[in-house]
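Residue numbers are given in UniProt numbering: position 256 of the sequence shown equals residue 256, and the series is strictly consecutive.
No wet-lab data here; the hints were simulated from the structure. Given the structure is predicted, the values throughout are model-derived calculations rather than measurements. Backbone N, C-alpha and C define an ideal beta-carbon position, used for all residues, glycine too. Hints should not be assumed to be uniformly reliable.
Unchecked claim - Derived Cβ-Cβ restraints for the label pairs, each shown as a range: (1) T147 with L65: 43 to 53 Å; (2) L169 with L68: 11 to 21 Å; (3) A58 with G176: 56 to 66 Å; (4) A182 with E131: 16 to 26 Å; (5) R158 with E119: 24 to 34 Å; (6) T35 with V67: 47 to 57 Å; (7) D117 with G176: 21 to 31 Å; (8) A140 with L107: 15 to 25 Å.
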Amino acid sequence: MKYLVMECHPAYAVVLDEEGRFLKVANLNYGPGQTVSSVIELKPSGSIRRFGRWIVAAASLASSLFVLIFGAWQFLLVPYGSVRLQINPDVLISVNRLNYVTGIEGLNQDGMALITDYEYRFKKLENTADELADLAVEMAYLSDDETIWIDVRSSHERWKQETQEQLLLSLNAHLGGKIHIAAGVPEGDEKDETPPQPESAASQDSTALPTSPPPKETAEPETSARFLPEISTPSEDGDRDNDDDEDDDDDDDEDEDGVGNEPEDDDSDSDDDD
Numbered sequence: 001m002k003y004l005v006m007e008c009h010p011a012y013a014v015v016l017d018e019e020g021r022f023l024k025v026a027n028l029n030y031g032p033g034q035t036v037s038s039v040i041e042l043k044p045s046g047s048i049r050r051f052g053r054w055i056v057a058a059a060s061l062a063s064s065l066f067v068l069i070f071g072a073w074q075f076l077l078v079p080y081g082s083v084r085l086q087i088n089p090d091v092l093i094s095v096n097r098l099n100y101v102t103g104i105e106g107l108n109q110d111g112m113a114l115i116t117d118y119e120y121r122f123k124k125l126e127n128t129a130d131e132l133a134d135l136a137v138e139m140a141y142l143s144d145d146e147t148i149w150i151d152v153r154s155s156h157e158r159w160k161q162e163t164q165e166q167l168l169l170s171l172n173a174h175l176g177g178k179i180h181i182a183a184g185v186p187e188g189d190e191k192d193e194t195p196p197q198p199e200s201a202a203s204q205d206s207t208a209l210p211t212s213p214p215p216k217e218t219a220e221p222e223t224s225a226r227f228l229p230e231i232s233t234p235s236e237d238g239d240r241d242n243d244d245d246e247d248d249d250d251d252d253d254e255d256e257d258g259v260g261n262e263p264e265d266d267d268s269d270s271d272d273d274d
């Protein structure tokens, strides 16, 4: 097989074989463009290959561990539901998918006193409920013929029903029927669990920004009629002109009547003299 020298470097050369492959070979005083019939191919050592394989294997293992840890976190630490135990102490128990207790909280003063120094980690829900019932009896919170109320809450209806049935059976068997076990909450203790509705933007603006009081209406001062000049409209001026013209015409008529009557008076006087 013949090889065409493409590149030359101090320690190696790059050649092109008849199959179109580029090979890294030892530089035996080759020159670019030279054709040779035999070469010494330089292959990577086995340690480098093994190191690359170890890197790939480690990356795969890390990704698998991440998926495993994330899945375990979802099963073990994320609450799947909650159980509320009401004796007189009021206690809320958080539970994961495997029915292990992930948290416990006292909802009133007696509930906080009941769970003080109580260790719930790595315990199943049934064992925790039994131990809390025994602890309530020891602390005189619970006696015979009283009732323990169990309220199971979860968005998963099937888990909710199964957990409630298991708790009822477990507590009844543990307490021997001396104490009543009921599902739900006592009458008069129902609480509105509807989340508060967010205020509208208009109400938020009205509460955030104080509104200024409306401006007060000021009474306009009364102006005396004697200080107001008389303003005549064009129609009134025309009526007054017409009245003046009529008065002038009446005066002229009276003057004419007076001038025409004077000779008659003179004639009547002359007749009287005769």
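Structure-based check of all given hints:
no. : hint                       : in the structure
1   : T147 with L65: 43 to 53 Å  : 48 Å, holds
2   : L169 with L68: 11 to 21 Å  : 34 Å, violated
3   : A58 with G176: 56 to 66 Å  : 57 Å, holds
4   : A182 with E131: 16 to 26 Å : 20 Å, holds
5   : R158 with E119: 24 to 34 Å : 30 Å, holds
6   : T35 with V67: 47 to 57 Å   : 55 Å, holds
7   : D117 with G176: 21 to 31 Å : 26 Å, holds
8   : A140 with L107: 15 to 25 Å : 19 Å, holds
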